[in-house]
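Quick mapping for you: the protein sequence lines, in order, are chains A and B. Read left to right, the first sequence gives residues 1 to 332 (our numbering). Read left to right, the second sequence gives residues 1 to 365 (our numbering).
Read the hints as simulated data drawn from the structure, not as lab findings. Yeah, the Cβ is synthetic: ideal placement off N, Cα and C, and Gly gets one too. Just to be clear, a hint being listed does not mean it is correct.
[Said to hold, decoys possible] Using 30 Å as the maximum straight-line C-alpha spacing, the simulated DSS-like pairs for lysine-lysine come out as follows: (1) Lys107/A - Lys166/A; (2) Lys58/A - Lys166/A; (3) Lys291/B - Lys58/A; (4) Lys150/B - Lys107/A; (5) Lys150/B - Lys239/B; (6) Lys150/B - Lys166/A; (7) Lys239/B - Lys292/B; (8) Lys291/B - Lys239/B; (9) Lys82/B - Lys166/A; (10) Lys329/B - Lys319/B.
[To be verified] What follows is a list of derived Cβ distance ranges for each label pair: (11) Asp292/A - Ile98/B: 52 to 58 Å; (12) Pro90/B - Glu180/A: 39 to 45 Å; (13) Gly62/B - Glu230/A: 26 to 32 Å; (14) Pro309/A - Ala326/B: 49 to 55 Å; (15) Glu315/A - His240/B: 38 to 44 Å; (16) Leu26/A - Pro90/B: 45 to 51 Å.
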Amino acid sequence: MRLTREKLHWLYETMYRIRRFEETMLEQTFRGNAMGVTHPSDGQEAVPTGICAHLTEKDWIGSTHRGHGHCIAKGLDTKAMMAEIMGRYTGQCKGKGGSMHIADFSKGMLGANAIVGASVPLAVGAALTAKYRGLENESVGVAFFGDGATSQGVVHESMNLAAIWKLPVIFACENNQYAEATPAWYAVSTDDIAARADSYGIPGVQVDGMNVFAVYEAAEEAIRRARAGEGPTLLELKTYRYHGHFHADDPKKYRKSDEEEEYLERDCIQHFERLVSQQNAMTEAELEAIRDSIEQEMQEAVDFALNSPMPPIEELYSDVYVNYSNPLVGLR
Amino acid sequence: MTTAEATEPTSVLTDSGVFVPGPGYDVPGTVERYRDSFNRTLRDELNRDADVFIMGEDISGGFDRDTLEPLDAWGGPFAATKGLVQDFGPDRIRDAPISEAGFVGAAVGAALTGLRPVVDLMYFDFVTVAYDQLLSNAAKSRYMFGGQTKVPLTLFARSGGGTGHAAQHSESFYSMLAHIPGLKVVVPSDPYTVRGLLAAAIRDDDPVFLVNDKKLINEVGFAPDESYELPLGKGRYLKHGDDVTLIGMSYTSVVCKQAADALAEEGIDAEVVDMLCLSPFDEEIIVESVKKTNRVVIVDEDTPRASMASEFAAIIADKAFDYLDAPVKRVTGPHTPVPYNKGLETAFMPQPDDVVNTVKTMLGV
Numbered sequence: 001m002r003l004t005r006e007k008l009h010w011l012y013e014t015m016y017r018i019r020r021f022e023e024t025m026l027e028q029t030f031r032g033n034a035m036g037v038t039h040p041s042d043g044q045e046a047v048p049t050g051i052c053a054h055l056t057e058k059d060w061i062g063s064t065h066r067g068h069g070h071c072i073a074k075g076l077d078t079k080a081m082m083a084e085i086m087g088r089y090t091g092q093c094k095g096k097g098g099s100m101h102i103a104d105f106s107k108g109m110l111g112a113n114a115i116v117g118a119s120v121p122l123a124v125g126a127a128l129t130a131k132y133r134g135l136e137n138e139s140v141g142v143a144f145f146g147d148g149a150t151s152q153g154v155v156h157e158s159m160n161l162a163a164i165w166k167l168p169v170i171f172a173c174e175n176n177q178y179a180e181a182t183p184a185w186y187a188v189s190t191d192d193i194a195a196r197a198d199s200y201g202i203p204g205v206q207v208d209g210m211n212v213f214a215v216y217e218a219a220e221e222a223i224r225r226a227r228a229g230e231g232p233t234l235l236e237l238k239t240y241r242y243h244g245h246f247h248a249d250d251p252k253k254y255r256k257s258d259e260e261e262e263y264l265e266r267d268c269i270q271h272f273e274r275l276v277s278q279q280n281a282m283t284e285a286e287l288e289a290i291r292d293s294i295e296q297e298m299q300e301a302v303d304f305a306l307n308s309p310m311p312p313i314e315e316l317y318s319d320v321y322v323n324y325s326n327p328l329v330g331l332r
Numbered sequence: 001m002t003t004a005e006a007t008e009p010t011s012v013l014t015d016s017g018v019f020v021p022g023p024g025y026d027v028p029g030t031v032e033r034y035r036d037s038f039n040r041t042l043r044d045e046l047n048r049d050a051d052v053f054i055m056g057e058d059i060s061g062g063f064d065r066d067t068l069e070p071l072d073a074w075g076g077p078f079a080a081t082k083g084l085v086q087d088f089g090p091d092r093i094r095d096a097p098i099s100e101a102g103f104v105g106a107a108v109g110a111a112l113t114g115l116r117p118v119v120d121l122m123y124f125d126f127v128t129v130a131y132d133q134l135l136s137n138a139a140k141s142r143y144m145f146g147g148q149t150k151v152p153l154t155l156f157a158r159s160g161g162g163t164g165h166a167a168q169h170s171e172s173f174y175s176m177l178a179h180i181p182g183l184k185v186v187v188p189s190d191p192y193t194v195r196g197l198l199a200a201a202i203r204d205d206d207p208v209f210l211v212n213d214k215k216l217i218n219e220v221g222f223a224p225d226e227s228y229e230l231p232l233g234k235g236r237y238l239k240h241g242d243d244v245t246l247i248g249m250s251y252t253s254v255v256c257k258q259a260a261d262a263l264a265e266e267g268i269d270a271e272v273v274d275m276l277c278l279s280p281f282d283e284e285i286i287v288e289s290v291k292k293t294n295r296v297v298i299v300d301e302d303t304p305r306a307s308m309a310s311e312f313a314a315i316i317a318d319k320a321f322d323y324l325d326a327p328v329k330r331v332t333g334p335h336t337p338v339p340y341n342k343g344l345e346t347a348f349m350p351q352p353d354d355v356v357n358t359v360k361t362m363l364g365v
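Produce the complete structure using the sequences and hints provided.
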């Protein structure tokens, strides 16, 4: 595998941006500045980064309740994301969606989705639009979902539809091994989720989701297939979330510390740093410059969000319909 | 013909707003079955806009094993889409597996990315199989994403009892859809209204669910040849009267009209309001009529609890209470599933006699 210097730079910058966004967002959540629950994805950065590295704004992704990483990898603005989490009017969704519903249709981001598995058919629908218009080569759909979602019927329905209609879809299963507190070994009937692709007649590949280069390589082939009109692929990306299910969840109540330590040792960012250093692909000064710039970006995102106005009360009533001749504004 | 002209079928409605079927139209039209009007309108919209496509189970129905060509063996449940696949091809008349959550979700995704899907959900009961996609994705995307997107999706399905389809194929739970902010619900009652409301639904930028009562599908009536839209959210008078208001929706508008005709023979002058849309719905026409007649009977085939009938009764209590000379009455299905046996099924559904008797009791005659 050969990567351009720019791509290498982008992979590191994106993973580090996700990591620091999650840490910063959590800190703000604990300070009481977020207005609701947040689901951090730190630990899983290699997955959205390695996949979205191949996408443009014309490609579509569907995301999950743990969606900040997908948003960032798809190019969303961290200021507008932080403001959304703080419920501000300048947020990505005017403060009406929150952490679990960040979307940016101008960037090909169909939205984080808080119903487990529910965004998977949306990505299939986006791929259907591409195929309908004969634009598979420039617009594919990527459905991000977790191991928990593999127990949802609609996920299987979506795979069947994409397979029979040969749609340009990548089913990206982020297997972080826990659905809330329930381990995949208990809730999923196989330890090889990728093998389920066989039952839909599509390729299924298990990938080390802690290694951004492995993700990049697997995604490259899946997306090539999709763009070439060869249909969907299921990628199972084995990964780990460092924090609990949501900000206030203590995962030590249901995970063993040796398991956590094992994954911390395989951290995707440290792995990247070791590898590029060994191969002299990037200097420590370059990496540090990226980190410094991200630190500054995070500070700016927090300042921007904290200094942004709250949405006016009228926003309660707007955006329900495009047009509605008889709006109900509440019976009081 | 432009859309602006099409949206004003003034020659079909009389000056008083009463729709009177029969001679006297000055627009060219056809007397045809409800299903023919429906099919013809789908064809109009497929011709008008290349982004419109239809998806559902058996909407063409069957493929030739050798040529892989669609057979149009079914042409959709109740032949709603018959003949369309020959002219528009299997990409635009897209036969789907029995996978309602999957293909409704895919339709939402297609709508979010620029197409205008029309989904045939076959029986209205199957709404529940796809309910999460309707509620959580179709109806909420615009709001929870701060207005940055729209979902121009149309769905339709067949409701109601009367055909021996029993408990799981006879639902009329309109209120389960009307309850959802972000979704629109329309209930045409004849060929003229299904033609105008289906066109309006497909052209509307919000998700719209159009419910076809099975008892209407073979009913015959007049429908203009040219394409036109009826406004979403407006009801109409089927008959003016002074003594009592009968409010119907979908097939119960026909029931109300039959009841009004029977009451007329006994010298009782009932007014009939056909709601046509349940979300948004026409509060003004309800309040206007009740203020005039001072009495109201709401007729709904749905079960009564948390129903549209209850909602209309609440609006009347709120906005026309001082004008009421009698308690608001609801004639609905009982709080039971729809039974199979013909006698039981008939007893489940509101009949004209039930409406007549309710009115006579109310008037003390």
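Given the hint that Lys150/B pairs with Lys239/B, test it: the Cα-Cα distance must not exceed 30 Å.
Cα-Cα ~37 Å, so violated.
Are the Cα positions of Lys58/A and Lys166/A separated by 30 Å at most?
holds, 19 Å
Quick one: are Glu315/A and His240/B within 38 to 44 Å, going by C-beta?
holds, 42 Å
Within 30 Å, alpha carbon to alpha carbon, are Lys291/B and Lys239/B?
Distance of about 16 Å is within 30 Å: holds.
Holds or violated: Lys239/B with Lys292/B, Cα cutoff 30 Å?
Judged against 30 Å, a Cα distance of about 13 Å means the pair holds.
Range hint 52 to 58 Å (beta carbons of Asp292/A and Ile98/B) holds or violated:
holds, 56 Å
Can the restraint linking Lys107/A and Lys166/A be considered satisfied, given a maximum Cα separation of 30 Å?
Cα-Cα ~24 Å, so holds.
Could you say whether the range 49 to 55 Å given as a hint is met by the Cβ separation of Pro309/A and Ala326/B?
The hinted range 49 to 55 Å holds for Pro309/A and Ala326/B, with Cβ atoms some 52 Å apart.
For Lys329/B and Lys319/B, compute the direct alpha-carbon distance and say whether it is at most 30 Å.
holds, 16 Å
Can you confirm whether the C-alpha distance between Lys150/B and Lys107/A stays at or below 30 Å?
holds, 16 Å
Is the hinted range of 26 to 32 Å satisfied by the C-beta distance from Gly62/B to Glu230/A?
Roughly 27 Å apart at Cβ, these two residues keep to the hinted range, so it holds.
Range hint compliance [Cβ, Leu26/A to Pro90/B, 45 to 51 Å]
holds, 50 Å
Of the hints listed earlier, those the structure fails to meet are numbers 3, 5, in rising order.
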